[in-house]
Every structure is written in structure tokens, then in C-alpha cells.
Amino acid sequence: ELKVEQNPLFLSMQEGKNYTIYCNYSTTSDRLYWYRQDPGKSLESLFVLLSNGAVKQEGRLMASLDTKARLSTLHITAAVHDLSATYFCAVVGAGNQFYFGTGTSLTVIP
Amino acid sequence: EPEVTQTPSHQVTQMGQEVILRCVPISNHLYFYWYRQILGQKVEFLVSFYNNEISEKSEIFDDQFSVERPDGSNFTLKIRSTKLEDSAMYFCASRPGRTDGELFFGEGSRLTVL
Numbered sequence: 002e003l004k005v006e007q008n009p010l011f012l013s014m015q016e017g018k019n020y021t022i023y024c025n026y027s028t029t030s031d032r033l034y035w036y037r038q039d040p041g042k043s044l045e046s047l048f049v050l051l052s053n054g055a056v057k058q059e060g061r062l063m064a065s066l067d068t069k070a071r072l073s074t075l076h077i078t079a080a081v082h083d084l085s086a087t088y089f090c091a092v093v094g095a096g097n098q099f100y101f102g103t104g105t106s107l108t109v110i111p
Numbered sequence: 010e011p012e013v014t015q016t017p018s019h020q021v022t023q024m025g026q027e028v029i030l031r032c033v034p035i036s037n038h039l040y041f042y043w044y045r046q047i048l049g050q051k052v053e054f055l056v057s058f059y060n061n062e063i064s065e066k067s068e069i070f071d072d073q074f075s076v077e078r079p080d081g082s083n084f085t086l087k088i089r090s091t092k093l094e095d096s097a098m099y100f101c102a103s104r105p106g107r108t109d110g111e112l113f114f115g116e117g118s119r120l121t122v123l
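Quick mapping for you: the protein sequence lines, in order, are chains A and B.
According to the working numbering, the first sequence is numbered sequentially starting from 2.
According to the working numbering, the second sequence is numbered sequentially starting from 10.
Treat the hints loosely; a few may be bogus.
[To be verified] Pair ranges (Cβ atoms, derived):
no. : chain 1 : residue 1 : chain 2 : residue 2 : range
1   : B       : S36       : A       : K57       : 21 to 29 angstroms
2   : A       : E45       : B       : N61       : 26 to 34 angstroms
3   : A       : V81       : B       : R89       : 45 to 53 angstroms
4   : B       : L93       : A       : I110      : 31 to 39 angstroms
5   : A       : I110      : B       : N83       : 40 to 48 angstroms
6   : A       : V56       : B       : R89       : 41 to 49 angstroms
Honestly, the hints are just simulated from the structure, not real lab data.
Since this is a predicted model, take the numbers as computed values, not measurements.
In this text, a Cβ means the ideal position worked out from N, Cα and C, and glycines have one as well.
The following block holds chain B by itself, in its conformation from the complex:
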């Protein structure tokens, strides 16, 4: 069964360092998302991406964050200068083009900022 894959599963970084989280969405999906979940808390929307551009972003997604789809398969989230409060689980998700499609989530990348 097709699945969303994410790497790395866990990354530890120092405050102020740049981090890139990678995702390979399901191949025939058209919409791509990043969410984050701070331990034990709700799932927060960061950004959605469609047709090679950002379609929506939340207040959390400030200038420190960027997304790219550098080729036909990968979808990356970059955090330019990490802060302690960026420590969270980051989930990539994708969904098909039809309007009723549900989100399919990857296993997540746990980011720990020290």
C-alpha cells in the first residue's frame, strides 16, 4: 500500500542551526501539507502546498520556515534558525486531488532543539 515516508525519524540540533525535514508523498497525490505536534498537544497546521506553490500557511509558518518541492517526489520543510520552541513532531501529509480525499500522514520526524 502506498505510504508517505519521512526522514529523518529523529533529529537533534542546536538552537540557531538550520534543519531540513524531508518527505516523499504518495505518488499520485496533489496536495501536500506539513503539520506539527508538540508532545501531547494538538496537531497544528503549518502549510499546504499545491501546484508547486504554497496555498495556505498558518501564523506559525513565519519567515523562519520554508517549503520546497525540489523534484517530482520530495517535499521538504526547512527551518532556518531553530528555536527551543520548535521542538516537536513534524508530520508530512498528502492527499489526492479529489475534494473529498482524506489526508495520509507520514510517521513523523521528531525534532529536538537543544
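Chain A on its own, in the form it takes in the complex:
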């Protein structure tokens, strides 16, 4: 089974700071997705990364994909409180099922 690991699992950061969340996966895949989940809510799609070297940016979030290293990063720039949520990466397996990472719970402190 494809394994997807994220680190850190928990992240507490001050407003205005930068940080990066890492997503490693165990087997070859050229499709990686990032989702956001607010407490008690569903998962919302943030980014779709479809090739090696892909980079997507939306507001204070930027995601990148290195398929050779089997690594994706989600970089947060100048964090604000509204970014507090749990972030999941997901990798597509051979059968088109999406395998989700362990999640990173982000808390941005004013």
C-alpha cells in the first residue's frame, strides 16, 4: 500500500512567520493534491500538482512537487490566523484511489 507521511504533525506558529510542511510518499506517483480541513468540516481542495517541478500559489500558500524525491512541500508565507486548519496531502495510487497523508494541524497564534 502506498504510504504518505507528513511532517510536522502539529505546528504552532506566530502570525507573520513563514513555515513549510513536508509530504513524503513511498511509491511513484505524478499526481499530488493538497487539501484543507477546518475542525468538524469537510476537505477542501487547495492545489493540484500534476508533474515534476510543478509549483502552484494561492495567496499565502505555495505548493511544489518533486516526483524524483517523492516529496511535496506546502509553504506558508507570513501566516495569518485564518490559515489555522489541518492540511492534508494526497497521492494517487495505481487504482486511482487517493491516499491521504497523516495531516498537519496548523495553529497560527496572533
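Fit chain B to the supplied structure of chain A, relying on the hints for placement.
The following block gives chain B in isolation, referenced to the frame of chain A:
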């Protein structure tokens, strides 16, 4: 904007009872999924469904679980005899036919087994 809808939003049941969770995927999507999330934990794949049959299932999806697409719109997950450990949030998701499409999730059905 089209969305995936799920019912019920919350169901409480006794251990051993049958439960059916319902989902209406986005109308032009071709792939359908069920995931579950135990409180505060990771999102676990249960089953994927394409062309009116199961395409993949996980180890969690044992004989107690089944899925159906009884008509052109609904997609159901049935748990025949619920156990305490089935308590979780169950998410239905769908995606378009193209290979790069992302999953669109419903709001989830919270199942509590007593």
C-alpha cells in the same frame, strides 16, 4: 456551484444494527469514493467505484461493508452490523473522468455506534 451532498449528517445507532449512508455525487462525475475519518485522525480510503462496480477497496472494507449506485444519482454505503469501532465521520467524494481531476468531498456523515 455543484456539490456532493450526504445524508444523514449525523446518525446514532446501536451496535449490531445496519446503517445506510447516502451520497449524491456531482452529476457529471464518473468516479465515486467513500472515506472515513476517526476523530482527529487521518482520512482512510474505504472504496472506489467506477462504471457501476467497485474498482478498489481497502482492508477496512470487509464483508460488513457494501456500496451501491441504485439509480443514476445516489451512491450508498451500507454497514451491515455496526461495531463500536465503526464510529467515525464518513465522507463521500467524487471526481470527473479526466485523470487529473481532484476529489470533491461531501460534508460528511457522522456515525456514532453505541
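Could you tell me which of the hints above the structure violates, numbers in ascending order?
-> Violated hints: none; all satisfied.
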